[in-house]
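*Asks:* In order, the protein sequence lines correspond to chains A and B. All the letters of the first sequence, read from the start, carry residue numbers -9 to 206 under our numbering. All the letters of the second sequence, read from the start, carry residue numbers 284 to 525 under our numbering.
Calculated from the structure, these hints are not laboratory results. Certain hints may be false.
[As the list claims (entries may be wrong)] Just the calculated beta-carbon pair ranges, DEER-fashion:
1. A:24 with B:339: 38 to 44 Å
2. A:35 with B:491: 58 to 64 Å
3. A:8 with B:350: 44 to 50 Å
Beta carbons: idealized from backbone N, C-alpha and C, even for Gly.
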Amino acid sequence: MTSMQQTMAVLRREVAVERAGRDLARGLLPVAIAGVLLAGLAFGPAPSVLAGVTPGLPWLVVMLLSAHVAVSVAAAEREEGCWDLLVGLVGPGPLLWGKTAAVWLWLLLTWTLTAWAAAVVLGTALAATAVPAAALGTLGLAAGVVVYGTVAARGGRTGTGLLTALIVPAGVPALLAGTQASTPGVESLPWLALLLAYDLTSLSLAWAVFPILLEE
Amino acid sequence: MTTRPVRLLGAAAGVAGVATGVLGLVVAPPDAVQGDAQRLMYVHVPAAWVAYLAFTGVLIASIGYLVRRDLVWDRHARAAAELGVGLTALAIVLGSLWGRPVWGVWWTWEPRLVTAVVLLTVYLGYLGVRGLTTDSHAGARRAAVVGIAAFVNVPIVHYSVVWWRTLHQPPTVLRPGGPAEAIEPAMLLALLVGVVAFTLAAAWVHLRRVAILTAAASSERAPKMDGPVATEPLTVTARTTR
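Next up, chain B with everything else stripped away, as it sits in the complex (with noise of 0.2 Å):
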């Protein structure tokens, strides 16, 4: 199913990547110490916000269901989390490139890079939950309690830069007092249409998800038939008789 706002939502996300390819790669400067391997900082920090996000939403999802207990929710939720994991991989990745050139290592053993990891492996414990029982409802509600339980683990990733001395950089933007003294004007215009260029494509791609969840869903729900489909001899008759 896409309907028309689903359409633009991913032709504006389109666009935003392309401005986000072209600021970074283009109009913003290379960083005056680590040169062209900061670029990555445009991809990187979206990832991993937008990542935070889809968590928040398999949070908010969770406990949806567990109210109303409707499977709308758990569709949510479990597309969330798939774009969560997605994203979360992909921000280690990009990290660890980024991270050879300006700590010349892949991996280093500091808190935000274990909680991080931390994290994608709880949201990835949470999707296997969700192949234990073929019942939706009760996988279902597994699937909330372990989303709402593993959700404690986003604001220790996010605050570990803060709370323990590490390697990795603390907060550039979320930070007291404010972006401005911290990072140029034309890197933080980059950085930013980058997280709006995620968010758009993650946006697009979650309602895509729940569309085919929900096509799923509904196919599952259709009477099925087994053996071969018997057919009736075909009769004709007179529509009129005269």
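The following block holds chain A by itself, in its conformation from the complex (with noise of 0.2 Å):
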């Protein structure tokens, strides 16, 4: 088996998990739906300040879900007690890249929900470059929740708390490149920059240190 099909059967593996059990399906759809809600109540009635919250509330909602999405990525497995099985089954390489494809699809389909509701909900429209800027986005910081989320594993309630402490700072830079880049106006060019480097510092670091987390 290659490690192109362990990495592809790792992310099966997490849609299949998700699939029979909708455990995120069932945290993040009511978290986004309900931080579209309150923002326009909060933020609105007036177009124009409503106009300037909607590039930014996707990436908020995305960030605040990120650390429970992170306590799936290998808590739900050791709470099982497969985790040492998964890691003897496939390299840490594959193990990386499938669970950060995972999250990815977690991520941008949290950022994508968000998006679409504010756009109905609140009235206001995206920028068109919005689209790329989610997608580079949150693949850097899917490779921070990766990483964090296998740090934090064995924490329990200590270690989901902790993670909101650390994949928030680390997807910061997600946070403002991607809210710049979705506003209406603003050269976006060198906020996609900004992601693209962002991607590539993130997914490194999680390549370079994933393997050492899984030394038991």
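Put the two chains together into one complex; each comes in its own frame, and the hints tell you how they fit.
*Replies:* And the structure:
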């Protein structure tokens, strides 16, 4: 089995686990919808204010939910006692990339849902470059979520709280650049370049340190 | 454990601290625009610089641990991180005290301040990671990973005043062309002596903390006895028989 096949197997497994339990869907959807509705109540009804808030709103929801997603990276498998089996079956690289791809998918879906809800409910539009910015920003963030989720997997409740302190700062470049690239009228190219640099840094760091986290 | 070199280091830090106080409060003139509030620079800037130094120490010690797998490196990383967190918090508080009379606000959303708080949060998380497991090596491995990743924030904080248009002033000393045209010589002297004082004090605290962590690790390794200590009846025997 090649590394790519192992990566795809890990990704398929993550999707199958989510389809079976729907834990993330149950956690992410209500918060995303509530975030948009509460933002409308808190900052509305002036259209100019809502237009200013909307580009950052999907990123805010993604950032707040990333700690929740991180818990699913390894904590569930550790609780069920199958983490060591998974680590033994696939190499560190495929495990990292498979997990990162799955988390990227969840974060991108959260961003898409929130952006769509914000456009419908708040009646404001995002820049066309919001989509590539979302794809780039959530990719770098996903790598950080996987690394920190693995770090904190044995911490229980303490680990979950700690994840917020670790992931939120790690996602600040995605929040800032993603918001700017989503704002109509803002030159987006420098922000997309920043997101690309963020992705390269985040993925390289994850690739370098992830095998160390698997040593037990 | 307090060795003679460590005591001398502490004494040198004390002397340099007193010199900083004299130079900063008496010898250096007040700033032409900011007045006496500018004198906070002699502690604010050294605190920030030595915090960067401490976080660099965390990076080096983390890499050292991952290469050598020796917990001595981990103790150095932990001590440096605690020091860096304390100094970053001090720099933020002093900056806030300085900002109130100069900017008119305790806090403003500008890149240097925000990135400094992000830096503080990341290293608080780093210290939190250490509490996740009782296995020394597992904890050290995870902390080393976070310690390496967290260092990315240090250059971002330093260059935030260069990369973005900010309210915070740009670098005065570490700038292209040197500090000569940007700062009065007496002010520069007070600042540099302040940096020396903070560096010596940080080195002293670091070595003391590492010694304490080493002693704590040794006591954890020592065999523990459960329940009351069993005592044997005292018997007296003659040393010589005649």
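*Asks:* State for each hint whether it applies.
*Replies:* Against the structure, the hints come out as follows:
1. A:24 with B:339: 38 to 44 Å: 43 Å, holds
2. A:35 with B:491: 58 to 64 Å: Holds, at about 59 Å.
3. A:8 with B:350: 44 to 50 Å: 38 Å, violated
Hint compliance for this structure: hint 3 is the single one not met.
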